[in-house]
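Chain U is already provided as a structure; the job is to place chain P on it using the hints.
There are 2 protein chains.
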Amino acid sequence: MDDPAQESSRRLKLIIEYDGTDFVGWQMQAAGAGRTVQQTIQEAFQTFTGSDAQVVGSGRTDSGVHARGQVAHAIVQTGLDCEKILKALNGILPHDIAILSVTETDGSFHARYSAIERRYSYTISNVPCAIDRRVAWYVRYPLNVVSMNECCKHIIGEHDFRAFTSSQAEVHHYRCTVTAAFWEQQGTKLIFRIHANRFLHNMVRALVGTMVEVGRGYYSPEEFSTALTSGDRKYAGPTAPPVGLILEEVLYSHA
Amino acid sequence: MDDPAQESSRRLKLIIEYDGTDFVGWQMQAAGAGRTVQQTIQEAFQTFTGSDAQVVGSGRTDSGVHARGQVAHAIVQTGLDCEKILKALNGILPHDIAILSVTETDGSFHARYSAIERRYSYTISNVPCAIDRRVAWYVRYPLNVVSMNECCKHIIGEHDFRAFTSSQAEVHHYRCTVTAAFWEQQGTKLIFRIHANRFLHNMVRALVGTMVEVGRGYYSPEEFSTALTSGDRKYAGPTAPPVGLILEEVLYSHA
Chain U
241 MDDPAQESSR RLKLIIEYDG TDFVGWQMQA AGAGRTVQQT IQEAFQTFTG SDAQVVGSGR
301 TDSGVHARGQ VAHAIVQTGL DCEKILKALN GILPHDIAIL SVTETDGSFH ARYSAIERRY
361 SYTISNVPCA IDRRVAWYVR YPLNVVSMNE CCKHIIGEHD FRAFTSSQAE VHHYRCTVTA
421 AFWEQQGTKL IFRIHANRFL HNMVRALVGT MVEVGRGYYS PEEFSTALTS GDRKYAGPTA
481 PPVGLILEEV LYSHA
Chain P
241 MDDPAQESSR RLKLIIEYDG TDFVGWQMQA AGAGRTVQQT IQEAFQTFTG SDAQVVGSGR
301 TDSGVHARGQ VAHAIVQTGL DCEKILKALN GILPHDIAIL SVTETDGSFH ARYSAIERRY
361 SYTISNVPCA IDRRVAWYVR YPLNVVSMNE CCKHIIGEHD FRAFTSSQAE VHHYRCTVTA
421 AFWEQQGTKL IFRIHANRFL HNMVRALVGT MVEVGRGYYS PEEFSTALTS GDRKYAGPTA
481 PPVGLILEEV LYSHA
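Residue numbers (the numbering used here), protein chains in the order written: chain U, 241 to 495; chain P, 241 to 495.
Just so you know, the hints here were simulated from the structure itself, not pulled from any lab data.
Honestly, I wouldn't trust all of these hints.
You can't tell identical chains apart in this list, so a pair holds if it fits in one copy or across any two.
Unchecked claim - List of simulated lysine-lysine pairs, DSSO-like, C-alpha gap at most 27 Å:
| # | residue 1 | residue 2 |
| --- | --- | --- |
| 1 | 324 | 429 |
| 2 | 327 | 393 |
| 3 | 253 | 429 |
| 4 | 324 | 474 |
| 5 | 393 | 429 |
| 6 | 429 | 327 |
| 7 | 253 | 324 |
| 8 | 393 | 253 |
| 9 | 393 | 474 |
With the rest of the complex left out, here is chain U (with noise of 0.2 Å):
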């Protein structure tokens, strides 16, 4: 590389958690459009590099959704090591943005294109709650645990997710493999738990949001398999608010 500013750029692995009530989502938009979380680390990394800094995240996440363990590969110019990067970044960012850790990587790894699975979780209240009122959608209505649950069995195995994504989504295929899928009851709580190589857009809170309507006795679990195998929005039911939606972790060949 003749570029001397290219030359001592590093590539940095981002463990990141965040609360993305306050956040329009992961992604850079447009001035004026509302704070992000990439553009906040990025910001971040400016502030204490005095250069710019190109972070990438393993996916976006919506409006209002959080993340407990998005990753992010960061091309950035400093001397520092990664620990004192690790508390630079949290000593300058937001409350609502956490970086969990910070190593070393290289060109062979870039976060969205080596992830090799994505584990999100949903959370239901099913009593109104003040302490976790960012993190769980409080669904008022009692609801079929064992039904929804039916419903996971459908879910789990290469499928055409057509029917759980919004219309606008661009993408080559809408096929994904679902490693994991199930709901746990803890207390008065309702955790969905979904494990897959990739996810379409609005995808688990489409999920989420025609389970919920099986789980009030709206839909069997069987006109749940259909509305799946139809491969059509419309037979599938509404999509759940991002309050719920946590990005828990995301998988890579190599650590």
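Leaving out everything else, chain P in the frame of chain U:
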């Protein structure tokens, strides 16, 4: 009773959750002092009953302290059944307060004087945290949970806790009977749980602040024990911030 208003008044037991971040505490204060949980609930009752309500809590929680199971009794005048009162309150109250249950009780029940045990938790995060930043104290140095649990052995039983309370506390005596006290590790969090018949002002936070000094190696568990028996606040450590403290539950002899 000759007063018709008195005749129609009822006594209800409430279980209350709140995020204390944006309150100056439970206890009603002089006008202009800020939002209190007690006042906010009294006003919610007034909104739908059209008459004054008196709400009495099991005890005060300080500014910034949370509750998952605060208990109060409310003296109110309304003909609505408990289920409707619960819905009305949750419909009116701001999102940082949730009423978990409303049940009928009578003059034999007093939220404060009938309580036989209070249970608190205090959460420390050993890494910066975004999602739980309102309910966990971020402590940046590593903590030895074994020596912190050594301290707990000295707390359990009946002791004079004068060394662990604010000097201005106005109480007849300082004896408290602690029935459980322990730290548990949950991932990157350390959670302290303590159950006692009564708590002095700032007692849990002073205990936590002092045990953190033990956990980081500044004091030994023996010095912690000496501080307790000294009865002198100056031998104990600093008071931990309110952010991590949650009133979990209040127990009564009768349900």
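In rising order, the numbers of the hints this structure does not comply with: 2, 4, 8
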